[in-house]
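Colleague: So you can see what is in the structure, the chains are spelled out below.
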Amino acid sequence: MLEIGTLHYLMVAAILFLIGLIGVITRRNVVIIFMCIELMLSAVNLNLLAFSRLYGLHGQVFALFIAADAAAEAAVGLGILIAFFRNRTTVNMDEVDLLKG
Amino acid sequence: MTPVATPFFFYFLSAVAIISALVMITKVNPVHSALALIVTLLASAGLYLMLYAPFMAGVQIVLYAGGILVMFLFVMMLVNIEHLYVEKMMNRQWVIALLAALVLGSLVLGALYKGAGSFPQQIVNHPEQTNSQEIGMLLYGPQTGYYMFPFEIASVLLLVAVVGAVVMAKRRV
Amino acid sequence: MTPVAMMLFAPFTAADYRLGAPLIVLTLFSLGILCLDLFLPARHKHYCSIPALLGLGVAAYGTWKIQQVLPASGALYAFFGTLVLDPMSVYFFYLFLAGAAVSVLISIRYLEVERESHGEFYALILFAVTGMMCMAAGADFVLIFIGLELMAITTYILAGFLRGNKRSNEAALKYLLLGAFSSAIFAYGLSLFYGLTGSTNLAEVGASLARRAATEPRNPIMLLALLTTMTGMLFKIAAAPFHMWAPDVYEGSPTSVTGFMSVSVKAAGWALILRVLLCGLYPLRVQYVPVLVFAAIMTLTTGNLAAITQTNTKRLLAYSSIAHVGYMLLGLIASDGVANRTGIRGILFYLLVYTFMNLGAFAVLTSLRRRNILGDDIDDIAGLVQRAPVEAILMLVFLLSLAGIPPFAGFYGKYFIFLSLIETGHYLLAGVAVLYSVVAAYYYLRVANAMFMRKPQGEGAPVTPPAMNLALWITAAATVLIGIFPNIFIQAANWAGTLIGPTGVAQIR
Amino acid sequence: MYNHILSIILFTPLVGAAVLMLIPAANKTLIRWTANAFALLGFVVSLPLVPWFWERKAEVGFKFLEGSPNNWIPTIGAGYYLGIDGISFLLIMLTTFLGFISILSSWTAIDDRVKEYYAWFLLLQTGMLGVFMALDFFLFFVFWEAMLVPMYLLIGIWGGPRRLYAAIKFFLYTLLGSVLMLLSVIFLYFFHHAQTGIYTFSIQELYHTAPLIPSVYGTTVATLLFFGFFLAFAIKVPMFPFHTWLPDAHVEAPTAGSVILAGVLLKMGTYGLIRFSLPFFPAVVQYPKVRLLMVTLSIIGIIYGGLVSLVQKDMKKLVAYSSVSHLGFCTLGIFALNGPGLSGSVLQQINHGISTGALFLIVGILYERRHTRDISEYGGISTVMPVYATISLIMFLSSMGLPLLNGFVGEFTILQAAYMANWKWAAWAVPGVVLAAAYLLWLYQRVFFGKVENPKNEKLTDLTPRELATFLPLIAIALWIGLYPKPFFEILEQPVAQIVEQVNHPKLYNAAAPPAAVQVAAKPANAQEAGR
Amino acid sequence: MYFLTHIWMVPLLPAAGAAIMLLLGRRLPKPVVNGICVGAVAMSFLWTVAAVLAFLHSGAPRYEAELYTWLGTGSGAQVFTLYGGGHAAFHVGAGVLLDPLSCVWLLFVTGVGTLIHIYSTGYMSHEGGYYRFFGYLNLFMFSMLTLILANNYLMMFVGWEGVGLCSYLLIGFYFHKHSASTAANKAFITNRIGDAGVILGSLTIFWLFGTFDFVKVTELARAQSATLMGTTIITMATLALFVGACGKSAQLPLYVWLPDAMEGPTPVSALIHAATMVTAGVYMVARSNALFVLAPETMKVVAVVGALTAIFAASIGLVQNDIKRVLAYSTISQLGYMFLALGVGAFAAGVFHVFTHAFFKALLFLGSGSVIHAMSGQQDMRGMGGLRKKIPITFATMLIGTLAIAGVPGLAGFFSKDEILWQAWSAHDGQFRVLWGVAFLTALMTSFYMFRLIFMTFFGDKRMTHEEEHHLHESPRSMTVPLMVLAFCSIFAGYLGVGPSLGGSNHFEHFLAPVFENHASVEGAVAEASAASEKPGEKKEEGGLMEYGLMGLSVAAAFAGIFAGWKAYDRPGKDVREPINAAAPPVYRTLLNKYYVDELYDRLFTGRAKLGPVRLGAIGAGEAMWKFDANVIDGGVNGGGWMTRAAGRLSSWWDKWAVDGVGVNGPAIVVRMLSYPMRLLQAGLLQWYALVMVFGVAGLLWYYLLH
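Chains as they are written, first to last, in this note's numbering: chain A, 1 to 101; chain B, 1001 to 1173; chain C, 2001 to 2509; chain D, 3001 to 3532; chain E, 4001 to 4707.
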């Protein structure tokens, strides 16, 4: 079997990142968009950990910070979403178009 | 500790992660998507383990699968999910978006593939047993607490998130 | 010292705390405000602004103390070298603090009209400033990223601070989603840089990249990392084609927050860009300049052209702020920080004057907010000179300054950009820039037209409590005085731009 | 006083504007008196300059120097540096004088937002004076741009029905020209640094290096730079085909605005050509193609302006287009590139200020009474307003260049200079003289002659003493220049000779022996770099 | 000598009068106005006489003085490069020059002027704007005297334009009459065309000689005659000057203003449009004689134009019915004579004719004024007739004038006209004999139409209305005395210049000789002409018989004209039968309509009338340019108004913003057009924004990785 090198992890991470990206730009549901962003950040973490294996633990710490950031973003984002939903009763991205021009 | 059947686990976990990620973005019902995301995240946690990052794997499981996803589910309950089923899943631009993303993806993957030699081949093996401790030392160590200051800032960040969530969620006075 | 205390304080020395004082002070004050808010009766909540201003003042004092101990030429490092205090950081600290202070001043009455909570608001502003300071003074990708996120998340909340307002909700949601999206891309780029260099420290990244760029300048991963990183950074300063969030978010956000965002947040983005592109990624300058050229031209075009037909003043100013970014990008294109610093100094000076003039404009807009009147449509400002001559004339000053008409401060911002472009032989870009400056004058004049040459639509003068007046006069005085006596400020910008560059962050760890 | 006379002249109107700010807007009478007092004061403080300057008129170079080339923004080598020579002296006197006349003429014409009006007007005055006084290009540019704003507001607020359009057009047009000029001058600034190691915007210093550009960068670059400057000035003058802002601005502006616009603002363009374009690019202006282009545009302007004036139905527009024609003479004189041409051009600028200013006042007087400028609305005004008709006739004649009135002196000098440069130029320009008579006399006939057929015109009142007071000094000056222009020529002789000398034999910077003035010039901006 | 050294007082006195009138005149009673204005001119006349006597006494060839430097500084610092490569300072002085030529002009201008002023006090006594009229008249005197006394071309031009202005003012004196104001404009603008020529001519002279001074120019021209003879530049200079002269002296093709100028009050016609101002062109050519003789081509042009104008105007005069218009055409015709004389090199003869013409034409105009006065303003001769009994003094004086102009021997006109005819015949070895023929025909016509005037006006049945007849009265003394004085002059002025052939010694020509001297060295043909006058004895022997023959012919022509006029018009009845109309109606109509020249000019040059569907001329060009200005230049700036309009039809939203945006603003339209796509991109859809970001990243990556 092939040796599993850094590249393999990077590929997986990139694919996950892209799937997240595709989700962000195609799905209508805001909640799912949030999830996709979480997925992207998680893919970044995978990248970092793959590199961390090459250089030392700094990458892991970085990943930890990104995870914390993801949590914070999720918390605030969902809070905003709820406030939004209260006023607009939708979480449909196509309907978030009050501001334009 | 040498991992057993590394390639198999790698491909297996990767496949699980990717497939469930695809499932996530193709499910109409956000609850299904959320569950698929959990699977992806758990699979990546497995990959983390393979990368000698047990602490991060744990964080991944606890924080994401345990914390964030539950929050997502709660929110889905709060926002009216019934009518979400019946609506269209994709927005109007999805074809062009998909094409753009595929172009971008092929460029990114191509770049990674071509640039694979840019990274050192030598792997620094960290003992897994002391992984958490060493991370702790990087975060708080008296002489090695290199990331202490960012860590403090991260704590502020989380505080802000709390404040933000409260501000956003509380009713008008 | 108890073990706990050791745990808390042992890694750092007193010097670290002195150098980190502004950040620490701000955090403490915002915590204090959050607590104070709990105990204040509802009608006195606006007193929270006093500790907020106090905190900003103390932080400024701390910055001043840092400035005193800075070596004549060189930088100080704190917290294991993650925080670098050099003239640029200090300069930006002052800028953030000034912007935040004025924003607080203009928010007091606005929040009362909107009947929103004061405590959280000021605390968040202070937190945001903390994050900005991390961005400006961070010497490590981790700190920079966390600082960026701290600022970003804070501003997401501030953008959506009017929970009952659909536009505010939408602005926050859009800002958050796109912000998080761009953060993810940014982080992806950072992770690749980590992979390429094995470090997150700017100096080490720079050194490593220099070696790599020398051997393989077209390394695909390096380019991928560069582009993704720049995407994140250009997003923060709202440069095209990553600018599209800005008009919507600026329009929907509370007006005082918009002012803050367009000024301080943007300045922080610039601090980030200068720090990253000129220190860490300097070896890739050959590679990133075309991106900047592309972005600059796109930004100038979109910003200026789209602003022309706007009917919402806030939106117009949003596009104009995009356009201003285009000018500053030109400065970065012209200056490499080694042979030529004029452009960098120009950017720094531009940010200084932009802080005051744009905040001033938003202050006037904020003062127009009354019950039942949003005050951000161009009709709302019509005939302002007859309702409130002072505000109108101040607004005119700000607009002219934004348009770059001497003797107002804004002229010098543009002037230095042109200067750097001519100095380095970018004549074509200079030509484009001046042509767009004429276009820009057109849409600013439209607002001026409305204020001075149309019949008043509403009635009654806008209410300007003392805090608002103070903000107006501070910004106006700065706009005019910097315009008439720019020398000391030019010197300050020169000083701030002296060290920034590939050699600036030299010794770390 | 003696050393600060320029600053005093410059800032008196500004002080006036500030004082006006303190008066409550409702007290219109007080505002009017104050504004007029300051306008008069602005003129009065400039009067001592006349004898003082007269004594020193033969001195070479700029006089009444004040400030230094780098005392303002040492970091970039810009200074608050004022000084005048004969050319600027005359234009300054014209500005203070016309400023006073215009403000006086607005007494009843402006009744809406009086305070603002006077404040902007005084501010405009300061801006215009600054343009003529600045010896530092940076300072010049600041004033050049700054004075756009009050003018823009004057047109936009107190103007006619299409004032918004006109105001913005005026502003953008001028701005477009001036930003290109800024780029060009930055180039000169760096070029000066490359040659001498000194960063400075001092005009006198740039005189020594700018002419070197063709030899260093070649003719193309020099020509491009020349056009960078030229565009700014050509738009301001305005030369054909950059003139279209002018009729709009003139027609829509309030009377006093038109007076100042025609009387002073347009002169900034010609002043710029004389002060910058010629000395900075002596080689370029002598390229046959460039010079021919300049002259051709001037001549087209002369004929074109005249012909278009002929068919105007709006009095003000007619006068506005006549300005295009007159200013064509001014630029023709400039590009004749000889002493009399420049003298004549400056003198013609003064004349145009006086005559066309008066014409706008004349139109304004009717407009104030009848609120229309349509020529067909009038007729037979001579019968009801004889004094007015007489004064109008004198100013019309002055404008069309009748000998013994001012217009002729300038026009003839220019024609002669152009003739001596190339007789065909004069031959082409001469029809402009005929056309001037045609459109002005036809206008006079349609407005003043004939029977009073429109009943609305029957009750028109003749000039009030205040209105008369605005005209008499203008007529006096018109006669003075027409009968005895020698003092003006004498004042202009030295500066003009210097410019001609600069054009023909520029005194260039020589690295081995730099001109004496360079040694006292700006310190390099780098000196500020290290310190804070 | 005092009067000579202060000769500048001569123009200044009327100037003072004019200033007083225009500043204070409104408040002054008529006698004071009379006193000041007539007094000023009369004093000016007396001063002139004194100065001329002093001048004659001094024996100097000329008196010249520069009063002050007018243009330039006088320092000589500003120099021009001249035609020949030399340099000359930019300098024009205000100076006076009194030499024989200016003496002649000064005398008759002030003299006739004084008479006409006196006449006007009577003629204008019932008019409004009395003070204004006299103010203008005085101003005119000032300008005319400046013109005459000037010592250089530019100062002359001052007077030149000044008289044009006064002519304008006085023609437009009845400004409420549309025809009057139009005529005034026509006069001024046509004159301006000529003025342009004068400017160019003077400039060319300066280019050649580096000075505007008459004396210096004359000296230099004579000195350099060998090199300059017939060169293009001297031809150009003289032609340009002649264009000016055509304008002022109403020669083809610029004569059109003079007939219309009769809209002014009659004394004005007499003073300005007959006696003085219109002779300014002659004066200038005579003044520049040294140049003109160097340009034979120009001289030919002058002669031909003069002759053509003479016959052209005379032919129109044959059928005109307005009494003043007849006189106007006759003036043009006589001016043509003068130019004919100048053109053939007989400067002195031309000047002599100016001199005599001044008296009899002034007399005729004033007489016609008296007639009109008597007729209560009626000017159409068809409405007159049989007036000789009612206004005998007018009749008598006018008859004298008519006889003079017709060239009846013994009167002033005979001598001067005959001199011209003889010069035309003999000059240049008879090259111009065709022109003599033309002039001869003209003389015949002149005599005919002048007597047509006399017979239609004073003989035959009364054709006026009853009311007019009732008011008929002889004019007051203030009017008749000048008439008588002028009649006296019309008879005897000619004796000043009686040629040798008639036994005189031509004092006039001798007096002028210093001005016109030295032609001999220039050109042989001219030498003969002047030799004829200088050495009468020799000349007489050569061409004596011929001269008497020609003289007889012209006298015969004069009488033939008188006879024909009497036959045709001294008839009873209310109708006037026009013999030409009877013989050839188309010719009559053409003449009556003045060869349709005015209409032609209106179509071709002014553009007042359209030529078919198009408007040509200045107004047409102006309109075309105005359209160009509004549509093309501005349109170009506006980003193409047509684009806006076309697009406006395409979609309504476009129209909306284009029309009611914040003003359809200038250069911004293009920009605005671009602005809309920008706004459409900003559709508010978040994912679109994200997608744009993806585009951006993907595009850049593409560029970087695959480029």
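If you're looking for bench data, these hints aren't it; they were derived computationally from the structure. Worth double-checking, as some hints may not be accurate.
[Claimed, not checked] In silico EDC-like pairs for lysine to aspartate or glutamate, Cα to Cα no more than 16 Å straight-line:
#1 E/Lys4390 with E/Asp4322
#2 C/Lys2455 with D/Asp3112
#3 B/Lys1088 with A/Glu3
#4 B/Lys1088 with A/Asp94
Colleague: If a hint holds in the structure, say so; if it does not, say that too.
Modeller: Status of each hint after checking the structure:
| no. | hint | in the structure |
| --- | --- | --- |
| 1 | E/Lys4390 with E/Asp4322 | violated (20 Å) |
| 2 | C/Lys2455 with D/Asp3112 | holds (12 Å) |
| 3 | B/Lys1088 with A/Glu3 | violated (43 Å) |
| 4 | B/Lys1088 with A/Asp94 | holds (10 Å) |
Hints 1 and 3 from the earlier list are contradicted by this structure; the remaining hints agree with it.
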